[in-house]
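**Q** Keeping their order, the protein sequence lines are chains A and B. Mapping of the first sequence onto our numbering: residues 1 to 206, in sequence order. Mapping of the second sequence onto our numbering: residues 1 to 206, in sequence order.
Simulated from the structure, these hints should not be mistaken for lab results. Check each hint, because a few of them may be wrong.
When chains are identical, the list treats them as one kind, so a pair holds in a single copy or across two.
Claimed, not checked - Derived DSS-like pairs (lysine-lysine); straight-line CA-CA distance at most 25 Å:
#	residue 1	residue 2
1	Lys-145	Lys-82
2	Lys-68	Lys-163
3	Lys-76	Lys-143
4	Lys-40	Lys-143
5	Lys-110	Lys-206
6	Lys-76	Lys-142
7	Lys-40	Lys-155
8	Lys-206	Lys-76
Small disclaimer: the values here were computed from a predicted structure and weren't measured.
Single-letter residue listing:
Number of protein chains: 2
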Amino acid sequence: MNEKEISQAVIRRLPRYYRYLGELLESNVERISSNELSAKMHVTASQIRQDLNNFGGFGQQGYGYNVKYLYEEIGKILGLDKDHNFIVVGVGHFGQAIANYQNFENMGFKLTGLFDVDPSLSGVKIRNIPVMMMDELPGFLKKNKVDVAALTVPKSQAQSTAKVLIDNGIKNIWNFALTDLDGFSGVTVENVHLSDSLMQLSYLSK
Amino acid sequence: MNEKEISQAVIRRLPRYYRYLGELLESNVERISSNELSAKMHVTASQIRQDLNNFGGFGQQGYGYNVKYLYEEIGKILGLDKDHNFIVVGVGHFGQAIANYQNFENMGFKLTGLFDVDPSLSGVKIRNIPVMMMDELPGFLKKNKVDVAALTVPKSQAQSTAKVLIDNGIKNIWNFALTDLDGFSGVTVENVHLSDSLMQLSYLSK
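Given these sequences and hints, build the entire structure.
**A** Here you go:
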């Protein structure tokens, strides 16, 4: 089956499969049935079978899934078998936290650049990468392949900063800037809204 | 209609409505039609009408929605008309970023405590709140009403730390610890997995 036809909903579940299988691997679990995976993930077993059939199955009737194989195959589907270079644009508290997140590197996302507009941050190192100024960004992107830019600037700067990134060849933006980015074509934007989950918590805890 | 019957899908969209309406308010927009809101939100106009009908409508045929009224009403539905106290448990890079996020305070979430196990952090202040040690947590929770705990400890500590929080009366956990929390009843847990969105970006950018 053509991967392009896979629904958004399946794709949104894949990272969860990947995480759970990773935890099973860490606990040295070798095989798991769709029923066991179902109980862990709060997804029905038939949903799991259906999801994984999108990618050719991986399971064997009555025998369960090989955890390591399934983990690696889903990793490949997600593109995690390749390394990705990423930069952080906006080195405030949140940008620093993203830059310091070891887990992203474990997933193959390698921090290669940090950019800000604040001259007092120029040259400050995080994980041995010096912060550069935004006017150095175009030159940096000419010389270095960058797969993803994490956008951690204030909301008011998000749209204009994204334009600079895209004008200089960035194709994938991981957007934490508290506003959805609009009007860019040929670019993948993943908007992360931490406050949305806080609002849901507020609703659910009423 | 009983709010309890509202589907998860609607509830997941409410924070987005709230954000968009907030941006419209900031731009001094007074009224908006469901068609305009639809174009901005990439949700069909009929979906919007249907969603808002869950809460009694708010709109008037041919007249559109009053932005300020709708913003405030959705805020009330989300429980954002009340103040919430929250603490941050785990004051690493990410915990510090959460503690420093002014936007949460604008939404009525007031930071009232910071906790960690690292003695070198004891008394260090973030936004004028001193970091306390974990053994001070039970006493703190006895004296202070805390609505939400943001859990920003390493994955390996997540389950045990959550247990301490819950044993001491915490009912709502905003979990950033890279693992889903399991097996707690009567407690609302909102799991945030930043790496999931990064994996989706990896997939979509293949």
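**Q** Decide, hint by hint, whether the structure agrees.
**A** For each hint, the structure was consulted:
For the identical chains of this complex, Lys-145 and Lys-82 are intra-copy neighbours only, at 14 Å inside a copy versus 47 Å across copies, given an alpha-carbon limit of 25 Å. Taking identical chains as interchangeable, the C-alpha atoms of Lys-68 and Lys-163 are never at most 25 Å apart, the minima being 41 Å within one chain and 30 Å between chains. Neither within a single protomer nor between protomers do Lys-76 and Lys-143 lie at most 25 Å apart by alpha-carbon distance, with minima of 28 Å and 51 Å respectively. For a Cα distance limit of 25 Å, the shortest separation of Lys-40 from Lys-143 qualifies neither inside one copy, at 45 Å, nor across copies, at 36 Å.
In this assembly of identical chains, the alpha carbons of Lys-110 and Lys-206 lie at most 25 Å apart only when taken from different copies (16 Å versus 41 Å within one copy). For the identical chains of this complex, Lys-76 and Lys-142 are neighbours neither inside a copy (28 Å) nor across copies (49 Å), given an alpha-carbon limit of 25 Å. In this homomeric assembly, Lys-40 and Lys-155 come within 25 Å of each other (Cα to Cα) only across copies, at 17 Å, whereas the closest approach inside a single copy is 37 Å. Only between protomers do Lys-206 and Lys-76 lie at most 25 Å apart by alpha-carbon distance; the minimum there is 10 Å, versus 41 Å within a single protomer.
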